[in-house]
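Assemble the complex: chain A is given as a structure, and chain B must be docked to it using the hints.
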Amino acid sequence: EAGVAQSPRYKIIEKRQSVAFWCNPISGHATLYWYQQILGQGPKLLIQFQNNGVVDDSQLPKDRFSAERLKGVDSTLKIQPAKLEDSAVYLCASSFIPASSYEQYFGPGTRLTVT
Amino acid sequence: AQTVTQSQPEMSVQEAETVTLSCTYDTSESDYYLFWYKQPPSRQMILVIRQEAYKQQNATENRFSVNFQKAAKSFSLKISDSQLGDAAMYFCAYRSARQGGSNYKLTFGKGTLLTVNP
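For the record, the sequence lines run as chains A and B. Numbered according to the numbering used here, the first sequence spans residues -16 to 98. Numbered according to the numbering used here, the second sequence spans residues 133 to 250.
Calculated from the structure, these hints are not laboratory results. Since the model is a prediction, treat every value here as computed from it, not as a measurement. Don't be surprised by glycine CBs; every beta carbon is placed ideally from N, CA and C. Take these hints with a grain of salt, some might be off.
Listed next, the stretches of chain A that the computed footprint assigns to chain B, with coverage defined by at least 3 CB atoms under 8 Å from CB atoms of chain B [as the list claims (entries may be wrong)]:
| hint | region |
| --- | --- |
| 1 | 27 to 35 |
| 2 | 68 to 79 |
| 3 | 89 to 98 |
Cut-off 27 Å, straight-line C-alpha distance, at most; resulting in silico cross-link-like pairs (DSS-like, lysine-lysine) [what the hints assert, rightly or not]:
| hint | chain 1 | residue 1 | chain 2 | residue 2 |
| --- | --- | --- | --- | --- |
| 4 | B | K187 | B | K242 |
| 5 | B | K210 | A | K27 |
| 6 | A | K27 | B | K242 |
| 7 | B | K242 | A | K66 |
| 8 | B | K242 | A | K61 |
| 9 | A | K45 | A | K(-2) |
| 10 | B | K205 | A | K27 |
| 11 | A | K45 | B | K242 |
| 12 | B | K242 | A | K(-6) |
| 13 | A | K27 | A | K(-2) |
| 14 | A | K(-6) | A | K61 |
| 15 | B | K205 | B | K242 |
| 16 | B | K202 | A | K27 |
| 17 | B | K242 | B | K210 |
Only chain A is shown next, with the shape it has when bound in the complex (with noise of 0.2 Å):
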C-alpha cells in the first residue's frame, strides 16, 4: 500500500512570496489533515477534511493561509503571503472513516524556509 504523498520536500521562498503545497493521501482514506511543526515543537493542527468538505480549520491563519482537497482526494496548502514565523515543516496525513480505524499515517512532510 502506498503511503502518503507530499510534494515538494523541499522550499525557500522569500517573504511576502507565495507557496503551494501538495499532498495525495492513501487510497481510501476519506479523512486528511494539515499539520503544522515548527522547530521544537509537536505538530499543530491547521485544517482536517472529510472527503472534499472542511471539518476543522479553527486554527488556520485564513488571511494568508487557503487549502483545498480536490474531488476528495488530493490537497493543496497555499500561504500567501508568507512570513517569517511560517517557517516549519508542513505535514500532511490521513486516515480512514469511519473511525473503527483511527490510525493517522503521515507523509514526509514539506521543509518551508522563509527568508
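What follows is chain B alone, placed relative to chain A:
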C-alpha cells in the same frame, strides 16, 4: 481544550538498555486515545503504540510498552533493549474518543529527542 506535556526535551540511553519517556496530559473527557509517535530524522511520523483510555491493561508492542495511569493523567513509554534505530524524536499525542468532526484531530506534546549510544 486538551493539552499534552512532555517534560523531557532530550533523553539518552545505551544500546541494549531500557529507557522511559514521560508524558502527562490534561482533559475533562473520560474516554480518549493516547499515542506515541516516532519521528526519525527523515521526518515521516510513525505510530509506535496506542492506548485506549477505557482499557486498564497497558499496551505493549514488542520492545515498546506503556505505563498508563488514568487518574494521574500520565502515559509513559518504555523502550526495552534499545537499538540504534530507536534514535528519533518521540511525540505523545491525545485524541478524543467522541465520534465525528474535529474529534479525530491529534493534540501533540513538544516531543522528546532520544539518542541511543553504541
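Against the structure, the hints:
1. For the region 27 to 35 of chain A, the stated coverage by chain B is satisfied: 4 residues place a CB nearer than 8 Å to a CB of that chain, which reaches the threshold of 3.
2. Here the region 68 to 79 of chain A counts 4 residues with a CB under 8 Å from a CB of chain B, which clears the bar of 3, and the coverage holds.
3. Under a criterion of three residues with beta carbons nearer than 8 Å to beta carbons of chain B, the stated coverage of the region 89 to 98 of chain A is upheld, 5 such residues being counted.
4. Pair hint K187/B plus K242/B holds up; C-alpha atoms about 26 Å apart against a cutoff of 27 Å.
5. Using a Cα cut-off of 27 Å, the hinted pair K210/B and K27/A holds, with the two alpha carbons roughly 25 Å apart.
6. With a CA separation close to 10 Å, the supplied pair K27/A and K242/B stays within the 27 Å bound.
7. Between K242/B and K66/A the alpha-carbon distance is near 23 Å, which keeps this suggested pair within the 27 Å criterion.
8. Between K242/B and K61/A the alpha-carbon distance is near 25 Å, which keeps this suggested pair within the 27 Å criterion.
9. As the CA atoms of K45/A and K(-2)/A are separated by approximately 17 Å, the hinted pair is consistent with the 27 Å bound.
10. For the given pair, K205/B sits about 21 Å from K27/A by alpha-carbon distance, which is consistent with the 27 Å threshold.
11. Our distance criterion of 27 Å between C-alpha atoms is met by K45/A and K242/B, whose separation comes to about 24 Å.
12. Annotation: proposed proximity of K242/B to K(-6)/A holds, straight-line Cα distance about 24 Å (limit 27 Å).
13. Proximity of K27/A to K(-2)/A is assessed by CA-CA distance (about 22 Å); at most 27 Å being required, the pair is judged to hold.
14. Simply put, K(-6)/A and K61/A have alpha-carbon atoms about 13 Å apart, close enough for the 27 Å limit, and the pair holds.
15. Proximity of K205/B to K242/B is assessed by CA-CA distance (about 17 Å); at most 27 Å being required, the pair is judged to hold.
16. Using a Cα cut-off of 27 Å, the hinted pair K202/B and K27/A holds, with the two alpha carbons roughly 24 Å apart.
17. A threshold of 27 Å between alpha carbons decides the hint, and for K242/B with K210/B the separation of about 18 Å falls inside it, so the pair holds.
The earlier numbered hints are all upheld by this structure, with none contradicted.
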